[in-house]
Amino acid sequence: MLAYIGRRLLATLPVMAVVAVFVFSMLRLTPGDPASIIAGAAATSQDIVEIRQKLGLDRPIVSQFFIWLGHVLSGDFGESFFYKKQVAELIADRVGPTLSLATLTMALSIVISVPLGVVAAYRQGTWLDRIVMGFSVLGFSVPVFVIGYALIYVFSIRLNWLPVQGYQPLSEGFGGFVQRLILPSLALSVIYIALIARITRTSVLEVLGEDYIRTARAKGLTNRVVLMRHALRNAAVPIVTVIGLGIALLIGGVVVTESVFSIPGLGRLTVDAVLARDYPTVQAVILLFSLAYVLINLLVDVAYPLLDPRIRY
Amino acid sequence: MLNLRSCKLALLTTTAALFATLAMVSAEAQTTLRVVKHSDLKIVDPIWTTAYITRDHGYMIYDTLFATDANNQIKPQMVEKFDLSADKLTYTFTLRGGLLWHDGKPVTAEDCVASIKRWGAKDAMGQKMMSFVKDMPVVDAGTFKIVLSAPTGLVLTALGKPSSAVPFMMPKRVAETSPNEQISDYTGSGPFVFRKDDWKPGDKAVYVKFDKYKPRAEPPSGLAGGKVAKVDRVEWKVVADQQTAVNALIAGEIDFIEQPSHDLLPILRNDGNIKLVDWNPLGNQYAFRFNTTAKPFDNVKIRQALLYAFNQQDFLQATIGDKQYYKVCKALFVCGTPLASDKGMDGLLESNFAKAQALLKEGGYDGTPIVLMHSTDLQVLTNLAPVAKSLMEKAGFKVDMQSMDWQTVVARRAKKDPPAQGGWHAFITSWVSADILNPVSTAFLNSSCDKALFGWPCDTQIEKLRDDFARETDPARHKAIAEAVQVRWTQYPTHIHLGQWYQPGASRKNVDGYVVAPASVFWNISKTGK
Chain X
1112 MLAYIGRRLL ATLPVMAVVA VFVFSMLRLT PGDPASIIAG AAATSQDIVE IRQKLGLDRP
1172 IVSQFFIWLG HVLSGDFGES FFYKKQVAEL IADRVGPTLS LATLTMALSI VISVPLGVVA
1232 AYRQGTWLDR IVMGFSVLGF SVPVFVIGYA LIYVFSIRLN WLPVQGYQPL SEGFGGFVQR
1292 LILPSLALSV IYIALIARIT RTSVLEVLGE DYIRTARAKG LTNRVVLMRH ALRNAAVPIV
1352 TVIGLGIALL IGGVVVTESV FSIPGLGRLT VDAVLARDYP TVQAVILLFS LAYVLINLLV
1412 DVAYPLLDPR IRY
Chain A
193 MLNLRSCKLA LLTTTAALFA TLAMVSAEAQ TTLRVVKHSD LKIVDPIWTT AYITRDHGYM
253 IYDTLFATDA NNQIKPQMVE KFDLSADKLT YTFTLRGGLL WHDGKPVTAE DCVASIKRWG
313 AKDAMGQKMM SFVKDMPVVD AGTFKIVLSA PTGLVLTALG KPSSAVPFMM PKRVAETSPN
373 EQISDYTGSG PFVFRKDDWK PGDKAVYVKF DKYKPRAEPP SGLAGGKVAK VDRVEWKVVA
433 DQQTAVNALI AGEIDFIEQP SHDLLPILRN DGNIKLVDWN PLGNQYAFRF NTTAKPFDNV
493 KIRQALLYAF NQQDFLQATI GDKQYYKVCK ALFVCGTPLA SDKGMDGLLE SNFAKAQALL
553 KEGGYDGTPI VLMHSTDLQV LTNLAPVAKS LMEKAGFKVD MQSMDWQTVV ARRAKKDPPA
613 QGGWHAFITS WVSADILNPV STAFLNSSCD KALFGWPCDT QIEKLRDDFA RETDPARHKA
673 IAEAVQVRWT QYPTHIHLGQ WYQPGASRKN VDGYVVAPAS VFWNISKTGK
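From first to last, the protein sequence lines are chains X and A.
Heads up, the first sequence is in the numbering used here, so the first residue is 1112 and it goes up one at a time.
Heads up, the second sequence is in the numbering used here, so the first residue is 193 and it goes up one at a time.
Just so you know, the hints here were simulated from the structure itself, not pulled from any lab data.
Each residue gets a CB set at the ideal place from its N, CA and C atoms; glycine is no exception.
Treat each hint with caution, since some may be false.
[To be verified] Under the rule of at most 20 angstroms between Cα atoms (straight-line distance), these lysine-lysine pairs were calculated in the PhoX-like manner:
hint, chain 1, residue 1, chain 2, residue 2
1, A, LYS273, A, LYS337
2, A, LYS396, A, LYS229
3, X, LYS1195, X, LYS1165
4, A, LYS337, A, LYS364
5, A, LYS388, X, LYS1196
6, A, LYS656, A, LYS535
7, A, LYS656, A, LYS643
8, A, LYS314, X, LYS1165
9, A, LYS607, A, LYS656
10, A, LYS547, A, LYS581
11, A, LYS487, A, LYS467
12, A, LYS422, A, LYS404
13, X, LYS1196, A, LYS396
14, A, LYS467, A, LYS229
15, A, LYS643, X, LYS1195
16, X, LYS1165, A, LYS607
17, A, LYS309, A, LYS337
18, A, LYS406, A, LYS267
19, X, LYS1196, A, LYS401
20, A, LYS553, A, LYS607
21, X, LYS1195, A, LYS392
22, A, LYS547, A, LYS493
23, A, LYS422, A, LYS406
24, X, LYS1195, A, LYS396
[Unchecked claim] Ranges between beta-carbon positions, derived for each pair:
hint, chain 1, residue 1, chain 2, residue 2, range
25, X, GLY1207, A, ASP327, 46 to 56 angstroms
26, A, SER376, X, VAL1206, 21 to 31 angstroms
27, A, ASP558, X, VAL1206, 52 to 62 angstroms
28, X, PRO1142, A, ASP642, 54 to 64 angstroms
29, X, VAL1173, A, SER376, 48 to 58 angstroms
30, X, PRO1280, A, SER376, 46 to 56 angstroms
31, A, ASP327, X, HIS1182, 12 to 22 angstroms
32, X, VAL1222, A, SER376, 45 to 55 angstroms
33, A, PRO530, X, PHE1177, 38 to 48 angstroms
34, A, GLN509, X, LEU1281, 45 to 55 angstroms
35, X, GLN1197, A, LEU468, 39 to 49 angstroms
36, X, ASP1187, A, ASP327, 44 to 54 angstroms
37, A, LEU292, X, LEU1184, 27 to 37 angstroms
38, X, LEU1180, A, GLN516, 23 to 33 angstroms
With the rest of the complex left out, here is chain A:
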């Protein structure tokens, strides 16, 4: 009897130990990547807002028909194959087999058509593309067509655009939500699933690996290629204070900071457990935006004066400081990309104050103070306006620099009131380079008057060239048109680019596989140890 009891006890103990071990192994096998993004995820509809944090959320849970690879080429993503008819008017797209939504239902052509329609109604480039679209018939569950009214090279460029607003595919029931309403169903077909119940705004957003995601066979390249989720869970932690985020990274409480401020990089560089990651080599571009409806910036001569008065070096040095993280670049469409060119830029952006003064005189500048909005709460912008003020004053402008927080700038820039009555003349911002790689996607070049972005430039020549670019299907001609846009822009400046700057991320050394792309994405990343 005693032996039987002992055997039972031993069996129970062994079983319990086995289960405990299995549980531990299972717990250990769960890898969680803890990330501090550049901002808190507030809005989760990537079509409704162009906020970058929402775009990045989109890349976590949604997939795209096409994507931009590391060489800035558009590659099929959800699409298995596509062809263009001989008259260049009909695209036929066939989806890859086995693509599933997070609820287990198959991705269909109907879903994709509905998604394109919603995105095309909201996004500026989407609207441009849709202006060529006559029809989008569904052929079968996995095939649909885009029938054009005129040939355009814009279809693949727009469907594969890398940055806001990205044409993410959503289930038809979700995509049928009005583009002016936010979606409330977050079912995607991307490599991660959004855990809505674990989303604590101001604290964290949680994503778990989608086990049934079918990645492409190719290795990842930019935002294209195989999206293989190598960690089980990704947590976007909100750490508002940069110093605290750096401390948490050093202590191993988090794995990656997407955008540590430049002044903290030396601390991170000196820590043996941390590496800096150049995840977005295209970087960003500063831009000085004119209000072309307000005197004196309604006069092109006055705007051109600033093209001569400014130089990029002063702005970049004052803000970024470390030459490793900035580049003087005269190309409007970003240095190192297919459409980059210096055409028309001779003598510009070199602080030629004599020429600037001559242009001011020629333009009849009457000494009206320029209301320059100065954003004071975003470190990467704070020092720019004082530099602009100094250079403008050297050229002969009077400048009324008004300091305010960025959200006030954002609200005020939408106002068309006269500058002295709550309006504005100019402000400085920054674009992710991926958003400004061609004349159509560069929002500040939109010169369609009232329909243009704040600043409201109005120029038929620029608009015609942008239309030509959209219609053109030959990449060689694209370059020529982009150069023509750049030349016209020197005659009718809509904004002034103030140089490129780069933002490395900071990672623990046990995390590898960061994808080099214009958006920070988390497939292909693996983590060893704790």
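Looking at chain X on its own, in the form it has when it is part of the complex:
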């Protein structure tokens, strides 16, 4: 297993290299010029040329790439064109909100969706199953921002229970931290609840027809034990795969959710940086997201043998 993990970690290096080249090239091919944006509306062509020189954007693209790569390899992601802050510092400021939002979203999704999926499978064909599957279709169909606005209208504007927007770090109080994360997490988790509940139902349904389930029932085990210990555990591999994919997909979801709820996280940083053509920031954030994606996939793969001893690497 350790050798496998080592091999997989080594395999991330070429992946990251390809991502680095791709992101760098795409950004340079995208129309837009950070120097013009920085200079403002009343800047002359000369002002723009001077800023471009200052940012090193007048050098050949290949030269720019190797300078950037050299810095990245030494752990320096450079300085944001706009904020004049180190990109690493900007990212460090934004990781907390995104991580909190993602963690709470996935926790909510798993806690709600897995039992729903198991119950729907156990009660296949009943009204309960139909409600869960109906909710699942709805969850897939309604965009995150619509759910977000609806939640804000009900819980913030009409009932005045929760704040409309913003983020409060955990260090400034647990109450405020959770209060500000409930609505965005709920909005973002709907689609994952729908997805995971559906996969859980299908997976558990497949397992419920197996011989070992019949044997477990014949031994006189309760339904709860049969479902939780025998059915769910054997159905776990596809569920874990979908959860892993879900975490990776969250990267896209947080961009919208962070905008709707005004959370200063990595999603918003990415959007702002792309719109402003802040190359160093976009490059660093996308590299970080790619690394996270690769590592999540690795974790999912590592989890398989733990859930199903028949799987060996």
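Assemble chain A onto chain X, guided by the hints.
Frame of chain X, contents of chain A only:
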């Protein structure tokens, strides 16, 4: 013994309660104004960039020697008194006593001279003013002179200009930073102090009241008068989504939205806790910019055809919609201001397509498609280009309208490549009216060829008139020169103004004292309750 213990306990409890009460009173006394500005504060050097958000940041933490009041008159601000020599060649400025930087050191004449030099090297109007300046000797700690090579009426107008780039005063050590480098020391002498450590780009910028600021005695008027900070702290919150900002205002989480989009105004108007604030009655002006270096717009006849083809009403109705928030105005230098005039505008901007077609024929238009850049992501601009396209096609133009985000427009407009190879013919933008009140400050009128703003118009007559305006010291003559510029502009159009529009702010009703000015500023504002 028991009594003694009881007394000690009672004393301790009372003391603790007293401290707790004091702490609560102190906490309650802290008033924080939470504001959603029009954009995120990214760059904090108001000389280095002309971005409006950075200008507004400048007004928070810096002060100016002069300022424009509510009647568009230039008034002394940091300056106590000034005089002009009989030969009109030497200004002597004396600073008010007691002015301090945020680090506690006194503001000196040396600081001001260094600040003027940095601004004068960067700002277009500053450069114009500096072209008349022979020397700026420091007389003593509180007095300096500006010695001119020729008389000009531009000195006070430039030093008191209200919008980008504003000549903000900085400590000498900061002002000595090259104008092409961003400053990293944010020490000002304005009514608020920038809390650098609390600045979270993309989240918030924080300012606290500068207790030692010495405001002028006069009441605030425009950007002049007493700048009294009446709240302890101002937070500029970044809420990128307009609907979320409106929801947060309704819920009382924020106090003021500087620029709510026009389609959300009915919601705000109907909420009993919210009022709309007309903080900038001068408003803004739309402008259609030509690339005068690209065929066919290198031909004045073709450009003049558009002066006849366009009408402002169509543009304003399509974008702003509510007549309460727009005005059809033919005056190039903004209706309701001293230099406003309709001279030379008869028959123009009235969609006279027959005349436009005749001019196209006269100019020999060969059917070259006009590459019109269409900005799609800024609501106040999005609907303008389709209107332009429609009117241009009615006049006989072929139009290749290319949709893109605003930042792409910004990058592409700087390119001089042929329009078919990544260049451009035209785009539409908007100016804050305060930036275009006279021929010198109106950047689109700069017709100095390669040195002009993108579009690069090249006309010696306009440039001569702008120079005349700069040299003139008599306000009555200023008006005559401005009218002459406007007439010349109809013969050599550098751009076309497409009407004025207004952007109210939205505020909670418990917040009062908004200053009416071209920039949104936060002195004089008080807040009651939470």
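Hint check results:
no. : hint                                       : in the structure
1   : A:LYS273 <-> A:LYS337                      : holds, 12 angstroms
2   : A:LYS396 <-> A:LYS229                      : holds, 10 angstroms
3   : X:LYS1195 <-> X:LYS1165                    : holds, 12 angstroms
4   : A:LYS337 <-> A:LYS364                      : holds, 16 angstroms
5   : A:LYS388 <-> X:LYS1196                     : holds, 12 angstroms
6   : A:LYS656 <-> A:LYS535                      : holds, 19 angstroms
7   : A:LYS656 <-> A:LYS643                      : holds, 15 angstroms
8   : A:LYS314 <-> X:LYS1165                     : holds, 16 angstroms
9   : A:LYS607 <-> A:LYS656                      : violated, 27 angstroms
10  : A:LYS547 <-> A:LYS581                      : holds, 18 angstroms
11  : A:LYS487 <-> A:LYS467                      : violated, 49 angstroms
12  : A:LYS422 <-> A:LYS404                      : holds, 13 angstroms
13  : X:LYS1196 <-> A:LYS396                     : holds, 15 angstroms
14  : A:LYS467 <-> A:LYS229                      : holds, 17 angstroms
15  : A:LYS643 <-> X:LYS1195                     : violated, 28 angstroms
16  : X:LYS1165 <-> A:LYS607                     : holds, 19 angstroms
17  : A:LYS309 <-> A:LYS337                      : holds, 13 angstroms
18  : A:LYS406 <-> A:LYS267                      : holds, 17 angstroms
19  : X:LYS1196 <-> A:LYS401                     : violated, 25 angstroms
20  : A:LYS553 <-> A:LYS607                      : violated, 29 angstroms
21  : X:LYS1195 <-> A:LYS392                     : holds, 12 angstroms
22  : A:LYS547 <-> A:LYS493                      : holds, 11 angstroms
23  : A:LYS422 <-> A:LYS406                      : holds, 13 angstroms
24  : X:LYS1195 <-> A:LYS396                     : holds, 16 angstroms
25  : X:GLY1207 <-> A:ASP327: 46 to 56 angstroms : holds, 54 angstroms
26  : A:SER376 <-> X:VAL1206: 21 to 31 angstroms : holds, 25 angstroms
27  : A:ASP558 <-> X:VAL1206: 52 to 62 angstroms : holds, 58 angstroms
28  : X:PRO1142 <-> A:ASP642: 54 to 64 angstroms : violated, 23 angstroms
29  : X:VAL1173 <-> A:SER376: 48 to 58 angstroms : violated, 31 angstroms
30  : X:PRO1280 <-> A:SER376: 46 to 56 angstroms : violated, 26 angstroms
31  : A:ASP327 <-> X:HIS1182: 12 to 22 angstroms : violated, 45 angstroms
32  : X:VAL1222 <-> A:SER376: 45 to 55 angstroms : holds, 48 angstroms
33  : A:PRO530 <-> X:PHE1177: 38 to 48 angstroms : violated, 57 angstroms
34  : A:GLN509 <-> X:LEU1281: 45 to 55 angstroms : holds, 50 angstroms
35  : X:GLN1197 <-> A:LEU468: 39 to 49 angstroms : holds, 41 angstroms
36  : X:ASP1187 <-> A:ASP327: 44 to 54 angstroms : holds, 45 angstroms
37  : A:LEU292 <-> X:LEU1184: 27 to 37 angstroms : violated, 48 angstroms
38  : X:LEU1180 <-> A:GLN516: 23 to 33 angstroms : violated, 55 angstroms
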